[in-house]
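Asks: Listed below are the residues making up each chain.
Protein chains: 2
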Amino acid sequence: MTTLAEAERLDAEDELAPFRERFVPISDPGVVAYLDGNSLGRPLRATAERLRQLVAEEWGGRLIRSWEERWLALPEAIGDELGRVALGAAPGQTIVADSTSVCLYKVLRAAVALRPGRDEIVTDTANFPTDRFLVESVAAELGLTVRWIEAADVRPEDVAAVTGPRTAAVVLSHVDYRSAAIADLAAITRLVRDRGGLTVWDLCHSVGSIPVALDAAGADFAVGCTYKFLNAGPGAPAFLYVNARHHAEFGQPITGWMGAADTFGMAAEYVPAPGIRRALSGTPPVLGMAGVQEGVALLAEAGIDRVRAKAVALGRWVLSLADEWLAPLGFEVASPRDDDRRGGHVTLRHPDAERLSRVLIDNGVLIDFRRPDGIRVGLSPLTTSFTEVRAALDRIRELAGRPE
Amino acid sequence: MTTLAEAERLDAEDELAPFRERFVPISDPGVVAYLDGNSLGRPLRATAERLRQLVAEEWGGRLIRSWEERWLALPEAIGDELGRVALGAAPGQTIVADSTSVCLYKVLRAAVALRPGRDEIVTDTANFPTDRFLVESVAAELGLTVRWIEAADVRPEDVAAVTGPRTAAVVLSHVDYRSAAIADLAAITRLVRDRGGLTVWDLCHSVGSIPVALDAAGADFAVGCTYKFLNAGPGAPAFLYVNARHHAEFGQPITGWMGAADTFGMAAEYVPAPGIRRALSGTPPVLGMAGVQEGVALLAEAGIDRVRAKAVALGRWVLSLADEWLAPLGFEVASPRDDDRRGGHVTLRHPDAERLSRVLIDNGVLIDFRRPDGIRVGLSPLTTSFTEVRAALDRIRELAGRPE
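Chains as they are written, first to last, in our numbering: chain F, 77 to 480; chain P, 77 to 480.
Source of the hints: derived by calculation from the structure; they are not laboratory data. Note that beta-carbon positions come from the ideal geometry of N, C-alpha and C, so glycine has one too. Just so you know, not all the hints are guaranteed correct.
[As the list claims (entries may be wrong)] Computed, partial: chain F to chain P, Cβ under 10 Å:
1. Gly327
2. Met365
3. Leu475
[Unchecked claim] Here are some chain P residues the structure puts well away from chain F; computed CB gaps all over 12 Å:
4. Thr79
5. Leu80
6. Ala376
7. Asp428
8. Ser461
9. Leu475
Given these sequences and hints, build the entire structure.
Replies: What follows is the structure in structure tokens.
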């Protein structure tokens, strides 16, 4: 069942289909399909309008007064809403700030400081570069050792094999950026906690795509970005989560004025703000936060469970099309076939993936390439339709079948 | 000469007066005068238009392709232009990124690492809170000692008194955020360098207001914000400068993928990018950078020397009005009277400044209050007129003269 009629039936039955209208139409008529929402989500109409209003009124009318009237509260307010809608996090534990890299540096330093005497950080060799680089940087500066998990698809038993009384922190991605494999966040968190270590979860490839249950799992720390499935905009600020049980003690080294208890007190000494706010450093990025706020609001309206259900259906649809059309052309599915273990994209491997990716992009099929041989088909349930996916894979079939 | 006719004459002769039209008009009719551009500059019309275009076309049309086509180059491209227009910095040494706090953390860590064996960081007790807090945080984490300069208005001799063979880095603000006193950047830099230490300059209150000559002075590191005199927008990204002579060796601990030599190589090890780019960490904030780019472009058009000349003239105008109208009401000028030592704002002290500030703001005179008793009158040469300043000080005279 890979017919156009089937695609149209799936779209007709899709409860989330009307959400496509909430996005700015793609102004480039050459785009056949946008399947890279897992790298950069599309702009919401509401974000465009909000930016206009923000510049004209909040910034251009209320001027400096907007800081007290609304902007200073945004990192926590948006964080709380994001926590409620997407992270399974009660209020007061999530804050919007900085980039994912900076947030990860902060929480990793915070985590390690909470486990003095333990001298190992665990991560995996297939983790996203920023995560691996930061683990190595923090380990080097503090004299700790990195314990590497070699598996590309990290299972609880892989974590069990390298954690113990020396483990300070375990840094893992919830969804693998290449294969889309979902790690068992609850089981791994429990396992690490039982051994006295702390978990630092990178949610970049899961937030806004699959439900996350940080509080229920008892996760310690988490970070993630907002410009993928949350559609917040290029380089929009990231978020970090610190479980409330650490709030009395945790600290982070970038002690800017926004993390101080009395920001405008200009005090002689840094006294950290109570709770999550001490994770802030500099002045919050207001334009970027507007995109996060709108993205989270739209997700709240759609509901993360409906988003997840559609992501699963879109994933299955890609698998059906790939099996029928692309397998004969040398493509191989690199993502889990089990729906419960597959995140919001499907990766197809092909020996000629790098060249093919360029040809596809030149022909309006916007996927992305990940070394060495992966073509990622990103499925963004609020914007991606079944017919769009079919049109894209049809083009892949056509272009991959052509002589070079 | 404090007459309205004199204000009008000054405005008529002001070469920069036409630049007021380049800004979004203040949409709140209750605003009598906006004298807080030193905290938050006003929005440019070009920024509003650029954001519209960015969302609709760069983000909504080119989608992910905009990263390679334009966005990835922006941190350096805008940094170079900022360096040329405002910092006296040759290309390749300035980059737009993060917040001032995060940038300061990075360059301070970088500076200290370049002076192993030296165990002191120097700063002053009147420095901006973020600067003091970060100096203390970095000192604590690395086991260094902070040497405090007690003077509120730091002179070369004050620096000389606390620097020596143990000095790793000296962290000072170019313009004091309370008094607007200008530090002698060239003399202090030379002095510190002669003693083998490194300078870290905070340019938040000077960039875009007074010419800075980092290369000529031989400064080592600098950071600054863009949302004040550069009018880049609330929480717009900051910048950092690393003198080229340190590029071969400097490092910073937040080793995110954007600072790696091959960002999309997904390499096993972090290899820092050559030059200033290794100062980056996470994904650059595109919406915020658009405001920086427009702000820098407008400054280039106006010219920093004309901006400085008008800032001086506006400062003198405030002093004349304050001497004639406000001194009798118990106000005292807390900023240097010497034009060469006064930055882009004038601070007036008054025992009742906190209450008065609230009354002023409620009456549409937007100044800001800085503890314990300072009212800052911010002078933003591209938007502030002489009649606006006169109207504001007239209101201050009237409101301060009223019984409580």
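Asks: Look at each hint and say if it fits the structure.
Replies: Verification of the hints:
1. Interface restraint check: glycine 327 of chain F against chain P, minimum CB-CB distance 9 Å, threshold 10 Å, status holds.
2. For methionine 365 of chain F, the suggested interface contact is upheld, since its CB lies about 8 Å from the closest CB of chain P, less than 10 Å.
3. Taking 10 Å as the C-beta contact cut-off toward chain P, the hint placing leucine 475 of chain F at the interface is violated, the least distance being around 18 Å.
4. Chain F leaves threonine 79 of chain P outside its interface by the beta-carbon criterion, the shortest separation being 28 Å against a cut-off of 12 Å.
5. Every beta carbon of chain F lies more than 12 Å from that of leucine 80 of chain P, the smallest distance being close to 24 Å; the non-interface claim holds.
6. Residue-level check passed: alanine 376 of chain P sits 21 Å from the nearest beta carbon of chain F, beyond 12 Å.
7. No beta-carbon of chain F is positioned within 12 Å of the beta-carbon of aspartate 428 of chain P; the least distance is around 18 Å.
8. Chain F leaves serine 461 of chain P outside its interface by the beta-carbon criterion, the shortest separation being 16 Å against a cut-off of 12 Å.
9. With a cut of 12 Å on Cβ distances, leucine 475 of chain P stays outside the contact zone with chain F, its closest approach being about 18 Å.
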